[in-house]
Each structure stands twice: as C-alpha cells, then as structure tokens.
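S.K.: These are the residues of each chain, in order.
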Amino acid sequence: MSHDKHHGNDHKGGGHHFILSYKSATLVGLTLLVLTAVTVGIAGIDLGRFNFFVAMVVATIKALLVALIFMNLRNDKLENGIIFGASFMFLAIFFVLTFADLFFRGDVYWKEKGQPFPPIAGVVGKPKFKKAWNQTPEILAHGKQLYAVQCVSCHGADGKGDGPAAAALIPHPRNFHSNEGWKNGRKLTMVFKTLKEGIPGSGMASFATLPAEDRWAVAHYVLSLNGPAEKDSAADFAKIGVDPNKEDAGGSEKPTIPVAVAMERMAEKDTIRVTTIRRPYLMKEGTAEGVGAQIYRTQCASCHGERAQGGVEVKNLGGFPNTIVKTSPIGNVDSGRFQEVVLKGLPGDLMPGHGEFSVSEIRELYNHVRTLKQ
Amino acid sequence: MSQATVTHHHAHHFASADDEFEAAKQGMWVFLVTEVLMFGGLFVAYGTFRGMYPEMFHEAHKMLSVPMGALNTVFLITSSLTMAMAVTSAQKGLRSRTTGFLAATFLLAGCFLVVKYFEYMHKIHDGLLPAGFFTNHELTNPKAPLFFSLYFVMTGLHGVHVLIGMGLIAWIMIKNQKGYFSPAFYTPVELVGFYWHFVDLVWIYLFPLLYLVS
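Just so you know, the sequences run in chain order A and B.
Per my numbering, residue 5 is the first one in the first sequence, and the count goes up by one each step.
Per my numbering, residue 6 is the first one in the second sequence, and the count goes up by one each step.
Honestly, the hints are just simulated from the structure, not real lab data.
Watch out, some of these pointers could steer you wrong.
Calculated cross-link-like contacts (lysine-lysine; reagent style DSS-like; alpha-carbon spacing at most 25 Å) [to be verified]: (1) K81(A) to K30(B); (2) K200(A) to K187(A); (3) K235(A) to K191(A); (4) K235(A) to K197(A); (5) K27(A) to K97(B); (6) K187(A) to K197(A); (7) K97(B) to K81(A); (8) K121(B) to K148(B); (9) K164(A) to K27(A).
This is chain A alone, in the form it adopts within the complex (with noise of 0.2 Å):
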C-alpha cells in the first residue's frame, strides 16, 4: 500500500491523518468480493461440519480487513483497539457461559395437558419402616441417600458443614462431627423437629415436605457421623407429638407442604415441570452380583431405580414437590468421564459426588454399568 500516506493537516493542531488510496480501497474491496465467492463457493461442498468452521473463518478475515483498513483500526489509538476488541472479549463471555449451561445441562421441557406423566421408578408414599425411631442398618442406609440428595450440597459429601452452597449461609450449615451448638439439642426427636420446621433465621430450610419416616432417616443418619446422641425421653417424644408405641412414624401429624409450594402448583395446573438429569440403564435380569452391582444396587438405585429404570421417588424431592427427577441418557461416556461423575457429581443436577469409591470400585461399577446398557 504504497500509494497511501499520512496527509500533514494545515489546520491548528497539526496531527497527521491517514488517507487510504483509492487503489489499496480498491484492492481490499475485490478481495471481500473473491472471500465472498469462496463462501458461497464452499458451502456447495460438503465438508461435515467444517463447513460452519470454514465459514466463519472466512467471514472473520472479510470482517477484520473492514475493520483493519476500512475503518483504519490499524493505524488508529491503541485504545481505540482496546475499546473495540473489548466488545468481542465480552460478546466471547457471552458465548462462552450461554453455551456451557447449554449443553451441559439436562433438558428441560414441559408436561402438557392431557399428556401421560413420564414413568417414574419406585414405590411412592407407601411406608418401608415401622417404628422408624428405632435405628436399623436399612433405615440407616436409607437416611445415607436421602442425605446424598437432599443435604450434600449445604452440608458437604462428609457432613462436615462444607457443602458447595456453605460458604454463601451465614450462620455456615452444620458441621454433624462437633457436638458444639446444635440449636435444638443433638437428640432425634429434636433433629426430627429441625427437619419438619427448619431453623428460622438460618439457611436450614423445612423439609416438611419429606414423609416422616424419611425425616427419621436422615436424622438417623446425620446423628451416626459423631458418637452416641443424647436418648430421648418420653416428653421429647411427647414435644414433637409422636407416640413411640405406635407404629405410625409420623404421629399426628399430617402430610403437608409449604404454602408458596401450594400456590405454585395451584397456578400450574396445566404445565407441570419435568427436569430431565441423566441415563436409564436397563438391566439384564439374572447376573450374578458383583461388586459393581452391589455398589449400584447400595448407592445408585435410589435414583436411578432399582432394575436401573431411570427416576427417583417423588417424595424424595424435598421443596420441590410438583417437579418430577428422572435420570435420561447422558450418551456414550468413556471411563474417564464415568470416574469423573462418580467421585465429583454433577453440581447443579442432584447427582452427588461419591468420593468414598476407590478407582478400582469404580471401574467395577463402570464394568457393571456398561452390562446395564440396553
């Protein structure tokens, strides 16, 4: 570009401004033309989906030479550069986080009127424990996954108050393996109490909406990670209105859900919400169990059923009681990925992570995953 030059102004100031030649204007011009053609030229081949990559490419040089010489960005005020670029930098952000929550999500779609529910997995409102007061190893192991779906995320894979959502509540969710300060005593029937009416003032919601006998699960459970809990007394039974010699878990009490939930769902008669989190497996009947399978059957079946179906039991859906959980498919994944969701979940999704697995339970696990696929 030979013929360009820098033009001395002849008025008070005397900056020198840039002229572009009619010839190099002329050039650029022709080349955006003959880019053009090739766009037009090679989307006429197909090239899978280079296509689009070609493309932009090609589209991305017509635009930097607009810009560059055209508008003469090149021989402009770096800052000038800098305020310019800084628009695609934020425009790339954009891009970058609408595509990462895109594609990296489940579906979310919505039930119509008239359509049938989608199938979900697993016994729903029918009590599996008599007297669920009296700790058992299955109610134990019951509270352990409720606790993996409901609580991990305030309250940390181990229970020790660090779950990924901790650092935002102020005062910071418990930490079950200090006897230190539990508001209500660091009883059952107390916990239970926690549970049905969670702590005003503190991040610790009501789970009122979970069935009694899961309450008493997880109180089971959150009790178990430090030493003996204090025994209760008839009165502390009589405070939460539960006649332990009856077998009822609930007592008096009766199936409730919070009043915005019940408003919410009354204005949504028509549509109810379906989140779609991950894969159904189908299993084969009649293998043999080994220690993929009884790990799947110990901590995966909870959610993703027990023949490997896909969904989770509605009642296990704590504050939100009209939104229905299934597992879908999440497509091939290799190893790697398997291990990676395994010990880490999926945050955002219910998926909890299961650091506790050694690599080796996992492949076993993965192993046995790989059979359960149709």
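Place chain B on chain A using the hints.
M.R.: Just chain B now, kept in the frame of chain A:
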C-alpha cells in the same frame, strides 16, 4: 482542491481541532461497542437455537434464496468500498468526487433494501413468518417458525441500520455539497463511514449464518 465555504471552528472545550476529531472518533468507537453487544445478543440466541435444533436450521434455511443473499452481499461490500473512497475524497478535499461516491453508496444501499423487500415479500407470501404468524405447510419441522423469528429479527434490525445509514449518507452528502467539509474538517464523513462499515461487517456474518447453513 476546493476550500470549505463554511469554516468549521472546533468547540471551545477542545484544545484543538485534532482533539475534537479524536474525541468524536473515540465516541463513535464506543457507540459501535454498544452495537456489537446489541447484535451480539441476537447472535447468541441464534447459536443457542442452532445448537438445540441443527436439523431444523438446515431444513428451514433452504427456504432462503442464496443468489439474492449473495447479491446483497456484493451490494453491501461494494458500498463499503465506495464509502471508503468517499472518505478518501473528502480528506483530499475533492468535493464533487466525495458527493459522487456518497451517492453511489446511497444507491447501493437502496439496491440492498430493494432486494430485501422482494425477499421479505416472498417469505410473507409463503407464510414463512415468525412464531405464531407462521402458516407454511412445506416445512414439517415444528420448530421451523423459530428460524424465521431469528431471520426476521436479525435481518430486520440490520435493515433498520441500513435505512438509518442511508439517512446519514444523504445528510453528509448535502452538507458536503454546501461546502461544510475540507481536508481540515471531515469528521462527519469519516464517522458515518465507520457506521456504514459496521453495517457491512454485521452482514458479513449474517449472510453465511442465515443463507448457508451446512
């Protein structure tokens, strides 16, 4: 070289005419930043829906005419060239040549809008309208109206920019004829040029994204 018949005096709060020019230019860059972000939102929406319904985009884009889109690309790129030449002419103080290039730019922009008009009429005739106004039966994909929502909003916003650009070009053409500009003062010509090149720049992306979906 013709001298300006109307002498421009820089505003009193600037130390010199050069300061005024640089400040005006920087203001224009900042304005273009807001433009990038406004169109950017639409491009993100486009990317989101194309990511969700790639087959629908492929099927729906076939209803657009590539020759017409390509012709419009040629019109806009050529108009960018004539705009650049108009700025060069203004910098050199060649008044009638500046007017000539601005008139060419204006005409090419008009050609773009005429082609766009025929394209829009054709789409309306075929019922290829946004969202609830979509009445076309040729396209079977139930999400197809979404493509035309994006098509009309993106090309519509761009078309409004072309229209505003034509108004600005006409304005500086008249000012140029009246002798407002000289090698010492041609700021409005240069800045309208910026705006016009930006309109071209947006179309450079719109054309392959809407007309050439692979």
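S.K.: Taking the hints in turn, state whether each one holds.
M.R.: Structure-based check of each hint:
Of the pairs offered as hints, the one joining K81(A) and K30(B) holds, with about 10 Å between alpha carbons and a cut-off of 25 Å not exceeded. With a C-alpha separation of about 14 Å, the suggested pairing of K200(A) with K187(A) holds against the 25 Å cut-off. Between K235(A) and K191(A) the CA atoms are separated by roughly 7 Å; this keeps the pair inside 25 Å, and the hint holds. For the suggested pair K235(A) and K197(A), the alpha carbons sit about 15 Å apart, so the restraint of at most 25 Å is met.
Annotation: proposed proximity of K27(A) to K97(B) holds, straight-line Cα distance about 15 Å (limit 25 Å). As the CA atoms of K187(A) and K197(A) are separated by approximately 11 Å, the hinted pair is consistent with the 25 Å bound. For the hint linking K97(B) to K81(A), the alpha-carbon distance of about 22 Å falls within 25 Å, and the restraint holds. A distance of roughly 24 Å separates the Cα atoms of K121(B) and K148(B); the hinted pair therefore holds under the 25 Å criterion.
Taken as a hint, the K164(A) and K27(A) pair is broken in the structure, with Cα atoms around 72 Å apart against an allowance of 25 Å.
Checked against the numbered hints above, the structure breaks only hint 9 and satisfies the rest.
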